[in-house]
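Using the sequences provided together with the hints, build the complete structure.
Number of protein chains: 2
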Amino acid sequence: MNKQALFEQIIAKRSFLCVGLDTDVKKIPECLDGDMLGFNQAIIDATAPYAVCFKPNVAFYESMGTYGWDVLKRTIGYIKENYPEIFVIADAKRGDIGNTSEMYAKTFFENLPADAVTVAPYMGKDSVAPFLKFEDKFAVLLALTSNEGSDDFQMQTDAVGCAFYEKVLQTSKEWGNEDNMMYVVGATKAQMLEGIRRIVPNHFLLVPGVGAQGGSLREVAKYGMNSQCGLLVNSSRGIIYASKCEDFATRAAMEAKALQEEMNLLLEDAEI
Amino acid sequence: MNKQALFEQIIAKRSFLCVGLDTDVKKIPECLDGDMLGFNQAIIDATAPYAVCFKPNVAFYESMGTYGWDVLKRTIGYIKENYPEIFVIADAKRGDIGNTSEMYAKTFFENLPADAVTVAPYMGKDSVAPFLKFEDKFAVLLALTSNEGSDDFQMQTDAVGCAFYEKVLQTSKEWGNEDNMMYVVGATKAQMLEGIRRIVPNHFLLVPGVGAQGGSLREVAKYGMNSQCGLLVNSSRGIIYASKCEDFATRAAMEAKALQEEMNLLLEDAEI
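Just so you know, the sequences run in chain order A and B.
Take 4 as the starting number for the first sequence in my numbering and just add one per residue.
Take 4 as the starting number for the second sequence in my numbering and just add one per residue.
Heads up, a few of these hints could be off.
A pair holds if it fits inside one copy or across any two, identical chains being indistinguishable in the list.
Within a straight-line C-alpha distance of at most 20 Å, the following computed SDA-like cross-link-like pairs (lysine to any residue) qualify [unchecked claim]: (1) Lys-176 / Asp-154; (2) Lys-29 / Lys-109; (3) Lys-176 / Met-158; (4) Lys-6 / Lys-136; (5) Lys-83 / Thr-174; (6) Lys-136 / Asp-48; (7) Lys-76 / Ser-66; (8) Lys-109 / Asp-73; (9) Lys-109 / Trp-178.
These are calculated hints, taken from the structure and not from any lab test.
Next up, the structure:
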């Protein structure tokens, strides 16, 4: 899927919601008897009217071995078959030397196949480049994450006061373009989106940390939205675990709808 | 496995060789008809007398979907059953926010189970900490990698001339200790091992880049060896693809033996 198609879907659904499929077999309702795929399908059906993106967190599937990988592949297959307009990000945070990153890119873009994969920047250009060679696919590079540890390196400044995450943005934006790259920017540091937008005005930003991690949607929109929205705001636990009973899908839909309605107003404010 | 047991094995085998199992289904001998597990078992049996460590590169298995994950698990199982003294590193370069890193740690330390996993440092302390909670298991943190892209961020210096990889070493060594952490340091930058040893004198270093990537074993030993050896030097393609014919295992053994013999001399030089 390309950037334009993603924007058109945002317009059509009046939403820039990404639903994070952090499906933990220990947290899904007991009535499902550990059926991760059934849980995902119900969550997808319930929230698809309000979401433009699904983001399976690969760690949760990988931890279940071959069963988990099969569920991951079937989950993405289910989305692509029933909701082909929805963008799928494999949240995998991969990155290695060239020939190895190429293997990862094939896994996520061809085998599963997702529209995008999250990638760690530490190993530099040749670790990211293999992800940029696939048409209508995106590498979503970690820039400023929403966790406490983002202070350890990302926020450290150099001789001229430039934070490391800003250097990552400055350097990496030359490796690709807004049609094959996006960035992860945590909602817990929404005010920094203003400076980030000066460096990457047109790229889509994947914003985790709204909800369970405490970020504000209004702040994110205020500092991060551009003329094509340019935001995918993720909520995982707040939606998929809204209820642990049999009404989990209905409750997930309610949570997703509430966010979509707030997003609709924010898009209106921005005249989108 | 703990650090002392690893050192005892180095003494016993007169080797600090790590054999990288970058098993590409397209590169294994035709006579195997795509049997990745059979290839791995033959390579393991042939090189085990000369190696103290095996390092499956997870990307190569992941790219084969559920089949690949099964081969990865069976490969590690095969090593642990037949060569329990050999250290196993899952080269996966994972790292995410706390609850997700915890999932990855369980996957690699409990499900597979490997002795160590490579981890990317970009997201800071809480992304690495979950890997440090397992007894006799190691997080092998990326410090200075052997690829071209290591110049992009790792070699960048701050206001006082400290390179970013040095900051990663300085900061992260406080998160754990030499019994639950190691570092990746590329052989292509062997002279920098001298400075690295000033920061982390006692940690084991996993050194890729000897052979196909051009690093020199003698240089690595000169600058990087400590009183307990402290080095695991990896060779992947140079060993496992030494021949594409039916003699692949014999040729792999010859390549591994040649490296072991060179390592024996370097250990003697260091009076180990």
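Hint check:
1. Proximity of Lys-176 and Asp-154 under a CA criterion of 20 Å is satisfied inter-copy only: 16 Å between copies versus 22 Å inside one chain copy.
2. In this homomeric assembly, Lys-29 and Lys-109 come within 20 Å of each other (Cα to Cα) only across copies, at 14 Å, whereas the closest approach inside a single copy is 30 Å.
3. Taking identical chains as interchangeable, the C-alpha atoms of Lys-176 and Met-158 lie at most 20 Å apart whether they share a chain (19 Å) or sit on different chains (19 Å).
4. Proximity of Lys-6 to Lys-136 under the C-alpha cut-off of 20 Å is restricted to the intra-copy arrangement: shortest distance 16 Å within a copy versus 41 Å between copies.
5. Proximity of Lys-83 and Thr-174 under a CA criterion of 20 Å is satisfied in neither setting, with 33 Å inside one chain copy and 43 Å between copies.
6. Proximity of Lys-136 and Asp-48 under a CA criterion of 20 Å is satisfied in neither setting, with 32 Å inside one chain copy and 38 Å between copies.
7. Taking the closest pair of Cα atoms, Lys-76 and Ser-66 come within 20 Å of each other both inside a single copy (14 Å) and across two copies (12 Å).
8. For a Cα distance limit of 20 Å, the shortest separation of Lys-109 from Asp-73 qualifies both inside one copy, at 16 Å, and across copies, at 18 Å.
9. Taking CA atoms no more than 20 Å apart as the test, Lys-109 paired with Trp-178 passes inside one copy only; the shortest distance there is 19 Å, against 34 Å between copies.
Consistency with the previously given hints fails for numbers 5 and 6, ordered from lowest to highest.
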